Amino acid sequence: MNRLAVELPGLSLKNPIMPASGCFGFGKEYGNLYDLSELGAIMIKATTLKSRFGNPTPRVAETAAGMLNAIGLQNPGLDKVLAEELPRLEQYDVPIIANVAGSEVEDYVQVAEHISKARNVHALELNISCPNVKCGGIAFGTDPVLAGELTAAVKAVSSVPVYVKLSPNVADITVIAKAVEAAGADGITMINTLVGMRLDRKTGRPVIANKTGGLSGPAVKPVAIRMIYEVSRAVDIPIIGMGGVSDTGDVIDFLSAGASAVAVGTANFVNPFVCPEIIRELPAVLDELGVDHITELIGRSHAL
Amino acid sequence: MNRLAVELPGLSLKNPIMPASGCFGFGKEYGNLYDLSELGAIMIKATTLKSRFGNPTPRVAETAAGMLNAIGLQNPGLDKVLAEELPRLEQYDVPIIANVAGSEVEDYVQVAEHISKARNVHALELNISCPNVKCGGIAFGTDPVLAGELTAAVKAVSSVPVYVKLSPNVADITVIAKAVEAAGADGITMINTLVGMRLDRKTGRPVIANKTGGLSGPAVKPVAIRMIYEVSRAVDIPIIGMGGVSDTGDVIDFLSAGASAVAVGTANFVNPFVCPEIIRELPAVLDELGVDHITELIGRSHAL
Amino acid sequence: MILQEQMTIQSIREVADRIYEMVLEGNLVNEISAPGQFVHIRVNDTYEPLLRRPISIASFDRDSGRMTLLFRAEGRGTGLLAQKAPGSAVNVLGPLGNGFSPDQSEPGSTALLIGGGIGVPPLYQLSKELTARGVHCIHVLGFQSASAVFYEKEFAALGETRIVTADGTAGEQGFVTDSLRRNPVDFSAYYTCGPTPMLQAIQAAYPDKQGFLSFEQRMGCGIGACFACVCKTQDSDTRPYVKVCSDGPVFPAGVVAI
Amino acid sequence: MILQEQMTIQSIREVADRIYEMVLEGNLVNEISAPGQFVHIRVNDTYEPLLRRPISIASFDRDSGRMTLLFRAEGRGTGLLAQKAPGSAVNVLGPLGNGFSPDQSEPGSTALLIGGGIGVPPLYQLSKELTARGVHCIHVLGFQSASAVFYEKEFAALGETRIVTADGTAGEQGFVTDSLRRNPVDFSAYYTCGPTPMLQAIQAAYPDKQGFLSFEQRMGCGIGACFACVCKTQDSDTRPYVKVCSDGPVFPAGVVAI
Ligand SMILES: Cc1cc2nc3c(=O)[nH]c(=O)nc-3n(C[C@H](O)[C@H](O)[C@H](O)COP(=O)(O)OP(=O)(O)OC[C@H]3O[C@@H](n4cnc5c(N)ncnc54)[C@H](O)[C@@H]3O)c2cc1C
Ligand SMILES: Cc1cc2nc3c(=O)[nH]c(=O)nc-3n(C[C@H](O)[C@H](O)[C@H](O)COP(=O)(O)OP(=O)(O)OC[C@H]3O[C@@H](n4cnc5c(N)ncnc54)[C@H](O)[C@@H]3O)c2cc1C
Ligand SMILES: Cc1cc2nc3c(=O)[nH]c(=O)nc-3n(C[C@H](O)[C@H](O)[C@H](O)COP(=O)(O)O)c2cc1C
Ligand SMILES: Cc1cc2nc3c(=O)[nH]c(=O)nc-3n(C[C@H](O)[C@H](O)[C@H](O)COP(=O)(O)O)c2cc1C
Ligand code: FES
Ligand code: FES
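Residue numbers (this note's numbering), protein chains in the order written: chain A, 1030 to 1333; chain B, 1030 to 1333; chain C, 884 to 1141; chain D, 884 to 1141.
Quick caveat, the hints were computed from the structure, so don't treat them as lab data.
Bear in mind the structure is a predicted one, so any value in this text is a computation, not a measurement.
Every residue, glycine too, gets a C-beta built ideally from N, C-alpha and C.
Here are the simulated distance ranges between beta carbons:
no.	chain 1	residue 1	chain 2	residue 2	range
1	B	Glu1113	C	Thr1079	25 to 33 Å
2	B	Asp1064	C	Thr1079	33 to 41 Å
3	B	Asp1229	D	Glu897	44 to 52 Å
4	D	Asp928	C	Glu914	32 to 40 Å
5	C	Thr1079	A	Glu1067	42 to 50 Å
6	C	Asp1091	A	Arg1032	48 to 56 Å
7	C	Ala968	B	Lys1109	42 to 50 Å
8	C	Ala968	A	His1331	41 to 49 Å
9	C	Pro1078	B	Phe1082	21 to 29 Å
10	D	Glu897	B	Asp1276	22 to 30 Å
11	A	Thr1232	D	Ser1028	18 to 26 Å
Taking the hints into account, I'd like the entire structure generated from these sequences.
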């Protein structure tokens, strides 16, 4: 028995650990450091219909136990991702979750339709929560009606299960979660980044050229845990949790909060080997906790 | 000329530094450590009509560069605050900002009416953003209509200017800010805490008895800075900024973002002398920045 | 008076499995007024860990300006504290709280001192002061297992000392209350510090004795301002709550609702 | 191959005002392939500071397994790095990026090496390699003021070395470009590293020369995955952008749009 295996819609994960979208590119660079087949899955960088250059630099800034980014969904566009990035990832025994972004419903639909047909794409992650682009993205993620409509439109064309990535920049995240569940989402991924800003001490001006950026890293973990706890009680579809996961203990916390699998973002920049290290450490932690199978940890926080 | 003096509605501050509500009690304990007359002002602990015991313990938990609290507005109630706490503070040459909380509009109104008549209370801080009590508090802070109605009701009875304390747990904080401005608020204080959760590693259960708590400290600073930046562009009333302020550099950042004065919360627990230390360091920092008067720093981030 | 001071580490050594003894020197020692007071330690000057850690004063000596702490390297904060080198400085806030009053025991009387795990340290200074007053001290000290036992000799030098371990690898097997049930002792007042269930059991076992209990609670400020560390009281009409940091950590039996 | 290694600090010393020279030993040195590559350093194992810091390799020696870094204690991260003690370990990721190619200069030719401030370090290894190839090196090194000047002797040992300071407290007064305008030099290729305005001025000053520029950019991953460090290119049709960390930090003149 594989004590780490987790079954989710479209995804037979050998372990519940995967790099988060935007923090791992299309796997090429990390693939030079370790065997990507070790991973449970890979969430690739957001893909849009046309290639995007993204925002001006500086695009990142450090904050206390966190970082801000405003990459602005830079990516080579659907055609190149289909022609180059996804085929290169076929050498690994690892399911790909394709992060889909756009400005209009129609953009999302077109990307979803085509990318969901790629051989190694086992699920889509609908990015309705990117805070760093002017149109689209977060607008869908803060309005339950728009979020539901977009989900339904993408579900209608996707060949694989659809996960919707939620924004934490809302008053009540369960409202959005229920809306996308009702619209047919197969799962939820959360959280995307909190909108933040850092100023230059000397000039007083924003450090990031885009002014605001998305806050990620250990600083946001308490918010992520709380929201996953709330959403996992509000919906019946599974959650892939993220937001500050940096070590094996964090993975335990996210599963306990109610996530069924866990994505690692910013921590890849701090320690590029963090994902395989966590995967190797997990069995010993299960022993310590007296747990046979990792799925027993899911939702422990809800026990009365 | 006092290079640190700031004039705000109801408040002639000798410097823009004050302890944040709930992080300084009613000044008694810190008054044993240093002379409270050094402070620009004091925001006292939330006062409710009746005394409150608050939430069960544990009430605090540490997080990466932050902490969670769920005190639950414990306070001795309006009568005791008027009879004991406020008179004791009269020995100091420092304006008091009274933090007013309640469950119903009527509670707020009663507390506001009476406490605003106390000799040393120069302004009210309407707490519509406490995440740690079941009724009231945050409910008002996430609904612009309720927030406006409450503000107007309190303004109608208050003998001193009314500042409204905003919650960061919203999708668009400018909407609430504009609503309370329109309802007659004299100023805004922000941000209160972000709702978060920490789980016990062994049991998977929430560490805090109340389950969720309010996240404060350096971790939330980028969110506070961003929101102050946004609100200071959206309204014409002044802002007292807070959220992670721990040193003199942070004060510069908050003023640059658009705050006219700055409150220090969690940092008092880390260094009980942090407020007077910052006040003493500020003139040298103004020199370094080549600034004559501290008010020149306000809103620097908005420059094009 | 409460000071915030950069105290110098005179020595640090592991006295039992993950239990460290740290000797600190500074002016703060002059301000200590009673055994059972504690200090609030900032383990480094970064934001991680952010909060201070409360640690009891295990013993102190005004002449040398030194005090001893005994702590378990438990989580992140105490783990970092254990790695400090002699000669380096630690940011200490204290002395805090109200400790035990050795005056409560008459010279010639017998005091029972019951400690559990990292609740043992403050009893050491207390026993020294009681013994100096001519009070006869009996120590019953509970630990998880032999590897966790510390300061056995130090306590034995002051009076009868029973070691009790949960797994029986040292001294008697069981909890301190088991030992006291098996072999009762005669005493006039008890003083105890340890995990809450232990305090509860002891208070229940000696309803008629004068007793003093030292409590633990998660803390924010450590000085009474933040209301993090409150406990409900048994007589809630006269005094609805107490704060462990500033009203305690030591309370007479019957005050705190446990 | 890129390694993540706990490298041992052999020595650390302040060579100018807030400029530190740190010698590190480890296997990573075997992987260095060119002058101008950099490493990405995690200054401690807490979350504060969170991100790694990019620092150029100033020189290295495969035989001893050692490399030298020169960095300015600027903010929080480099400030902590400067406090490290010899014998302790630092978490280093590298070698990263593509450096300068000494092969681009023929033996016997003259190379102009222009450095500004903390852009000076990578030029040292470059000059060593060029000189070893028989290339004649002229160094023009710009600093804020006399107190910030470092490695003047080391560069002078390799070839003609001009020091230029903004305030004139050492060498010539002005910027490196002022110096080169006042006293032009004859050379076949230039190599430069420093603040972007300096790179811009140099590229503009020598439009017809072969040149290689090393760029700085705020970084996340340091290995090409996060798109934090992109720059627009001059010929955006064939290649819309480059990443400083993995495509650079060194680019031939005319590639990056500055
Ligand atoms: C009045 C008092 C006196 C104490 N005296 C001693 C002593 O002499 N020796 C000793 O080893 N321990 C003592 N403790 C317990 C000690 O404070 C905790 O073990 C320590 O705070 C744990 O910190 P950490 O960094 O190891 O753990 P972490 O898990 O990193 O701590 C996370 C947070 O929880 C708090 N916390 C965790 N456990 C406790 C606890 N048991 N009590 C209060 N807060 C806790 C921490 O202070 C911190 O804020 C005392 C506690 C109190 C309240
Ligand atoms: C390829 C490359 C090579 C470099 N080589 C050297 C060198 O050899 N010697 C040296 O002293 N400096 C070098 N730098 C600059 C050095 O990385 C920064 O001075 C350092 O990151 C500042 O960190 P801090 O902790 O001191 O400042 P902080 O203000 O705490 O830094 C905050 C954040 O901003 C980033 N940052 C700040 N300044 C810079 C900068 N100029 N470039 C990139 N990121 C920055 C930090 O990495 C960090 O993420 C190099 C930069 C790059 C990109
Ligand atoms: C540099 C960077 C780029 C990101 N790009 C994307 C993206 O393209 N699509 C997306 O859905 N999320 C993106 N994110 C958000 C992460 O996937 C993740 O939700 C968030 O960072 C929280 O996780 P962490 O704290 O582990 O980083 C990005 C985050 C970072 C730091
Ligand atoms: C222990 C604690 C108690 C608090 N109690 C109150 C309160 O009674 N009323 C209120 O408006 N805010 C309260 N706050 C919020 C603070 O005033 C402040 O808005 C917040 O903590 C952010 O600032 P900081 O990061 O500097 O702590 C409390 C915060 C803490 C940490
Ligand atoms: S810890 Fe703040 S009141 Fe006790
Ligand atoms: S720093 Fe991540 S791509 Fe260059």
